[in-house]
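4 protein chains.
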Amino acid sequence: MIRLKFSIALKYEVVDFASDFIFNIHAAHTRCQTVVNEALNLSQPVEPVVYIDPTYGTRFMRLKAEPGVLTVRYDATVDSAHHMESPARIAEVPIAQLPPDVLPYLYPSRYCQSDRLHWFASREFGHLRQGYWRVQAILDWVRHRTKFLSGSSNSSTSAVDTLIEQVGVCRDFAHLMIGLCRAVNIPARFVTGIDYGADPALGPTDFHAYVEAYLGRRWYLFDPSGVSPPMGLVRLGTGRDAADVSFATMFGTINSYQPLIAIEAINDPANGFMTPRFCQEAISSHADFATVQ
Amino acid sequence: MIRLKFSIALKYEVVDFASDFIFNIHAAHTRCQTVVNEALNLSQPVEPVVYIDPTYGTRFMRLKAEPGVLTVRYDATVDSAHHMESPARIAEVPIAQLPPDVLPYLYPSRYCQSDRLHWFASREFGHLRQGYWRVQAILDWVRHRTKFLSGSSNSSTSAVDTLIEQVGVCRDFAHLMIGLCRAVNIPARFVTGIDYGADPALGPTDFHAYVEAYLGRRWYLFDPSGVSPPMGLVRLGTGRDAADVSFATMFGTINSYQPLIAIEAINDPANGFMTPRFCQEAISSHADFATVQ
Amino acid sequence: MIRLKFSIALKYEVVDFASDFIFNIHAAHTRCQTVVNEALNLSQPVEPVVYIDPTYGTRFMRLKAEPGVLTVRYDATVDSAHHMESPARIAEVPIAQLPPDVLPYLYPSRYCQSDRLHWFASREFGHLRQGYWRVQAILDWVRHRTKFLSGSSNSSTSAVDTLIEQVGVCRDFAHLMIGLCRAVNIPARFVTGIDYGADPALGPTDFHAYVEAYLGRRWYLFDPSGVSPPMGLVRLGTGRDAADVSFATMFGTINSYQPLIAIEAINDPANGFMTPRFCQEAISSHADFATVQ
Amino acid sequence: MIRLKFSIALKYEVVDFASDFIFNIHAAHTRCQTVVNEALNLSQPVEPVVYIDPTYGTRFMRLKAEPGVLTVRYDATVDSAHHMESPARIAEVPIAQLPPDVLPYLYPSRYCQSDRLHWFASREFGHLRQGYWRVQAILDWVRHRTKFLSGSSNSSTSAVDTLIEQVGVCRDFAHLMIGLCRAVNIPARFVTGIDYGADPALGPTDFHAYVEAYLGRRWYLFDPSGVSPPMGLVRLGTGRDAADVSFATMFGTINSYQPLIAIEAINDPANGFMTPRFCQEAISSHADFATVQ
Chain A
1 MIRLKFSIAL KYEVVDFASD FIFNIHAAHT RCQTVVNEAL NLSQPVEPVV
51 YIDPTYGTRF MRLKAEPGVL TVRYDATVDS AHHMESPARI AEVPIAQLPP
101 DVLPYLYPSR YCQSDRLHWF ASREFGHLRQ GYWRVQAILD WVRHRTKFLS
151 GSSNSSTSAV DTLIEQVGVC RDFAHLMIGL CRAVNIPARF VTGIDYGADP
201 ALGPTDFHAY VEAYLGRRWY LFDPSGVSPP MGLVRLGTGR DAADVSFATM
251 FGTINSYQPL IAIEAINDPA NGFMTPRFCQ EAISSHADFA TVQ
Chain P
1 MIRLKFSIAL KYEVVDFASD FIFNIHAAHT RCQTVVNEAL NLSQPVEPVV
51 YIDPTYGTRF MRLKAEPGVL TVRYDATVDS AHHMESPARI AEVPIAQLPP
101 DVLPYLYPSR YCQSDRLHWF ASREFGHLRQ GYWRVQAILD WVRHRTKFLS
151 GSSNSSTSAV DTLIEQVGVC RDFAHLMIGL CRAVNIPARF VTGIDYGADP
201 ALGPTDFHAY VEAYLGRRWY LFDPSGVSPP MGLVRLGTGR DAADVSFATM
251 FGTINSYQPL IAIEAINDPA NGFMTPRFCQ EAISSHADFA TVQ
Chain Z
1 MIRLKFSIAL KYEVVDFASD FIFNIHAAHT RCQTVVNEAL NLSQPVEPVV
51 YIDPTYGTRF MRLKAEPGVL TVRYDATVDS AHHMESPARI AEVPIAQLPP
101 DVLPYLYPSR YCQSDRLHWF ASREFGHLRQ GYWRVQAILD WVRHRTKFLS
151 GSSNSSTSAV DTLIEQVGVC RDFAHLMIGL CRAVNIPARF VTGIDYGADP
201 ALGPTDFHAY VEAYLGRRWY LFDPSGVSPP MGLVRLGTGR DAADVSFATM
251 FGTINSYQPL IAIEAINDPA NGFMTPRFCQ EAISSHADFA TVQ
Chain G
1 MIRLKFSIAL KYEVVDFASD FIFNIHAAHT RCQTVVNEAL NLSQPVEPVV
51 YIDPTYGTRF MRLKAEPGVL TVRYDATVDS AHHMESPARI AEVPIAQLPP
101 DVLPYLYPSR YCQSDRLHWF ASREFGHLRQ GYWRVQAILD WVRHRTKFLS
151 GSSNSSTSAV DTLIEQVGVC RDFAHLMIGL CRAVNIPARF VTGIDYGADP
201 ALGPTDFHAY VEAYLGRRWY LFDPSGVSPP MGLVRLGTGR DAADVSFATM
251 FGTINSYQPL IAIEAINDPA NGFMTPRFCQ EAISSHADFA TVQ
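Residue numbers (the numbering used here), protein chains in the order written: chain A, 1 to 293; chain P, 1 to 293; chain Z, 1 to 293; chain G, 1 to 293.
Just to be clear, a hint being listed does not mean it is correct.
You can't tell identical chains apart in this list, so a pair holds if it fits in one copy or across any two.
Straight-line distance between alpha carbons at most 25 Å, and here's what the computed SDA-like set of lysine to any residue pairs gives [said to hold, decoys possible]:
#: 1; residue 1: 5; residue 2: 154
#: 2; residue 1: 147; residue 2: 38
#: 3; residue 1: 5; residue 2: 67
#: 4; residue 1: 64; residue 2: 129
#: 5; residue 1: 147; residue 2: 96
#: 6; residue 1: 64; residue 2: 91
#: 7; residue 1: 11; residue 2: 156
#: 8; residue 1: 11; residue 2: 275
#: 9; residue 1: 11; residue 2: 133
#: 10; residue 1: 147; residue 2: 119
#: 11; residue 1: 11; residue 2: 145
#: 12; residue 1: 64; residue 2: 76
#: 13; residue 1: 64; residue 2: 127
#: 14; residue 1: 147; residue 2: 123
The set of hints was computed from the structure by calculation and includes no laboratory data.
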């Protein structure tokens with residue numbers, strides 16, 4: 001088990017008119033991730049509405065803020081249990097056997113135009129032995145090809161752009177890997193989170209983006225940007241790509257400040273809590289909604 | 001009430017290897033649309049699996065076909081009831097009051113990159129009086145601006161392309177209208193169907209694509225290409241855009257032939273069945289899944 | 001006559017290996033623009049090669065710099081004479097009468113994809129009365145539609161992007177206007193320069209980009225971003241779009257610093273030098289190479 | 001020496017209004033290519049104007065056709081002499097030593113966005129030994145990666161599209177190869193022509209597109225689509241990409257028919273005329289304008 005304690009501090013300036021926000025900063029409620037405690041503080045006396053996606057346990061918070069400064073602070077402690085598996089035992093699932101709710105993750109989406117990448121991906125990865133290793137080969141290809149560079153992409157950058165320009169941030173790495181997986185008929189989706197253990201050379205802790213690929217009847221976690229151990233992820237949102245799970249969607253004229261994020265791992269072996277580490281096993285922390293909290 | 005009887009005949013040639021297909025050609029099961037009878041005929045002795053999307057009643061059929069010719073024939077008779085409303089009474093819904101399951105239709109998708117269209121749409125439509133008429137104004141703009149031309153677009157053509165090039169087919173009209181609606185914060189989605197009453201000058205009956213916009217707590221139907229009365233729609237699929245509800249998704253090397261589609265309206269006033277016609281009222285035939293068939 | 005005195009100070013850090021630069025920072029030698037005096041200072045003991053484009057008088061400077069800091073300082077005083085004309089007297093030139101060397105400016109280029117804009121431009125501008133005023137109408141449309149925002153675009157942003165996203169800097173305004181002109185068969189090209197008289201609210205003086213359209217047998221100057229009087233331009237380069245006349249093209253791993261630019265107008269009516277001002281006349285300062293200096 | 005005899009037959013229907021055409025179907029006048037005889041026939045009594053590009057000897061024909069059918073027939077016999085060189089002796093030219101008139105072919109153009117391909121090309125080809133073989137390696141990569149498929153692209157398809165989608169016709173192969181060459185600082189340009197000796201399996205003879213790369217102080221010819229021996233080319237146009245040298249640029253509402261092209265080689269060894277063949281040597285037929293005919 002992993003116990004992570006983190007905080008997210010956001011700051012905005014609402015110009016002119018009361019404006020709507022939709023946040024996705026709450027830790028998800030899933031069968032693998034339990035929220036031990038959490039607290040939310042808002043600088044304005046607004047009534048946020050929090051609702052849970054019935055499929056994935058993603059929590060969205062909607063509120064309308066008045067002109068002026070809005071700060072949002074969210075603190076939580078979260079326990080995660082992971083399913084670990086030997087990669088050698090994980091096969092791809094034939095299309096004919098994919099569960100219906102997995103099929104949408106074969107289709108192209110805003111930032112992952114797998115329809116356009118079909119021939120490219122087939123030529124690079126079509127001949128490889130099927131299974132977990134093929135997805136790992138796609139990850140290695142993306143990581144090897146793409147340069148991590150802050151500020152090199154923007155909110156309209158897509159997998160096609162990243163494939164051509166070969167530079168991006170974690171979200172671009174994830175979109176490209178998802179696009180390539182879908183293009184060879186492997187269902188793949190986008191996960192946002194807070195990550196423990198990132199290389200400090202990459203700058204302050206920030207929101208992170210991961211990939212999940214559906215293999216062997218589970219969603220397995222991959223981190224194409226490679227900045228932190230997948231085990232150290234706190235899951236916030238799960239969707240087709242960044243269009244589904246932006247940490248903040250804003251409607252109005254709003255100035256944004258850099259998010260401030262902190263995270264620590266509780267190292268308490270006596271109680272079964274270990275520090276996240278890189279490991280060889282495949283990791284799954286599927287996102288099914290935990291109906292009993 | 002409207003009763004429509006239609007048939008869809010598809011033909012493929014599977015080259016080399018047994019190949020998977022996912023079809024969306026069954027009439028949807030919704031609270032507004034009842035399937036009176038239906039029949040499916042396949043030229044190969046395969047076992048199709050049909051599953052229903054639990055949200056929208058969209059039915060997908062998956063099968064694996066052997067090399068050689070595959071023909072698929074689907075016949076159905078479908079009854080539709082529509083909610084009719086005076087446009088003047090239909091307001092837009094503030095973001096703060098949108099149901100959570102409607103929010104995803106505010107976000108950009110593969111073919112409707114509303115994120116990129118924000119300023120364009122704001123300048124064209126941002127100042128218009130809110131309500132049904134604003135959506136109608138977007139439809140009029142798309143229809144006026146875009147030339148209907150068979151063969152002018154392909155499966156990667158998106159709303160941004162259509163806005164620039166101003167030419168397309170019904171699916172392109174729909175994508176552009178959806179992209180512009182979302183860009184001014186009006187939830188919009190993509191509906192596929194078979195349409196009764198199209199102008200024969202536009203060629204043989206084909207699959208059609210519509211738009212639904214969420215207004216006044218319902219999804220209202222719009223046909224930006226304007227080829228047939230919205231009342232004459234048989235709904236097949238409902239999704240974010242064409243990526244979700246392709247009538248045929250194929251995995252393998254497959255040659256496709258032109259679909260053959262026929263439709264007729266049962267004009268039987270004695271039993272309450274009228275012929276679809278153009279009308280001034282707003283039409284809603286929301287897609288909620290009918291749990292009791 | 002206008003006499004402008006300006007300086008350009010550039011700074012680079014060449015990393016690792018000796019690297020090639022091609023600069024276009026010298027004032028052009030044209031029949032309308034005379035270089036009264038000029039001086040170049042380089043921080044490295046390199047031998048620059050300066051060559052003149054035989055058509056337009058654009059001067060390029062090529063050099064290879066060693067690792068370490070490179071500073072480039074160019075000072076010049078330049079006299080400009082303009083041809084002024086009443087807009088009402090300026091007609092468009094039928095294609096059949098365009099000089100052969102003007103035809104390339106009808107064709108699409110890297111940043112001005114006029115081929116894709118044909119229908120869009122035809123619908124917006126095709127019906128307008130031909131002549132100078134139609135080009136002015138295109139300028140007005142671009143200026144009205146596009147928001148000037150520093151940092152909103154990058155070196156791959158093209159006219160199609162700017163049309164969709166409606167935000168950019170002077171180079172994006174110019175590319176969009178050029179693309180729209182060519183799309184209605186008006187030859188248009190890209191001019192770079194240093195401008196006198198920009199609104200200080202837009203930030204420090206920077207390189208500027210203009211448009212020239214071929215009308216009435218001359219190239220007339222237009223400034224779609226509207227930041228300064230066209231009369232206050234010192235011409236550096238003339239080309240199809242920014243790909244032709246970048247102020248600095250670099251080959252290697254090089255860090256760039258913000259250019260520092262200063263410009264002043266010599267107000268000396270006694271000697272015939274006036275300060276640039278906005279005016280109603282059409283202005284032409286064609287770029288033909290002055291063979292006699 | 002090679003003597004080729006060919007004909008081009010074009011047919012158009014001009015709708016509504018008299019319309020301008022610019023053709024590039026005349027054989028170029030260059031120092032390597034001599035027009036032995038030629039004849040032009042037009043179905044309308046129009047006066048074409050033919051002008052020659054002073055740099056490359058490309059000949060353009062401009063005319064205005066009346067509503068109705070226009071047929072254009074051009075017949076010519078052309079002699080070509082080629083410079084042949086052993087690839088092993090051909091080096092790349094350092095940027096500092098490139099002639100000024102070659103530099104524009106380093107820059108991105110409409111269909112060859114080399115600016116966006118910089119990292120991609122550097123990773124694939126940056127580490128290869130410089131020289132003719134590096135350009136050959138780029139050609140091999142493009143040919144291996146791209147599938148030749150008629151009708152798979154259109155007039156807005158660019159190098160970036162072809163790299164992603166990996167399918168195209170000869171013009172797309174050429175654009176991709178040019179884009180990749182420029183991205184690693186090798187000047188490259190686009191040549192159109194009629195080719196002798198194409199594989200008949202690819203369909204009837206059509207206009208062809210080639211690449212020229214500047215190496216060892218000459219422009220060497222490459223045919224990335226590989227359909228015919230480079231020696232069998234009759235050069236029509238030379239430019240940055242297809243935007244410069246379309247065989248027909250039309251201004252108006254015009255229906256086009258499929259061009260009919262025929263070509264034969266004069267095999268007359270006694271007089272020094274041989275049949276074009278594939279060979280191992282590098283071939284150059286530079287395009288400098290032959291001032292003395």
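So, going through the hints one by one against the coordinates:
1. 5 with 154: neither (29 Å within a copy, 39 Å between copies)
2. 147 with 38: Neither way: residue 147 and residue 38 sit 36 Å apart in one copy and 42 Å across, limit 25 Å.
3. 5 with 67: neither (32 Å within a copy, 47 Å between copies)
4. 64 with 129: The answer is between: 22 Å across copies meets 25 Å, while 51 Å in one copy does not.
5. 147 with 96: neither (37 Å within a copy, 29 Å between copies)
6. 64 with 91: Answer is between; shortest inter-copy Cα gap is 20 Å, intra-copy 47 Å.
7. 11 with 156: For residue 11 and residue 156, the Cα distance is within 25 Å only inside one copy (23 Å; across copies 31 Å).
8. 11 with 275: Neither, since 30 Å and 47 Å both go past 25 Å.
9. 11 with 133: Neither: 42 Å inside a copy, 37 Å across copies.
10. 147 with 119: both (23 Å within a copy, 9 Å between copies)
11. 11 with 145: Neither: 35 Å inside a copy, 31 Å across copies.
12. 64 with 76: Cα proximity of residue 64 and residue 76: one copy only (23 Å, versus 47 Å across).
13. 64 with 127: The answer is between: 21 Å across copies meets 25 Å, while 52 Å in one copy does not.
14. 147 with 123: both (22 Å within a copy, 11 Å between copies)
In terms of the numbered hints stated before, the structure departs from hints 1, 2, 3, 5, 8, 9, 11, listed from lowest to highest.
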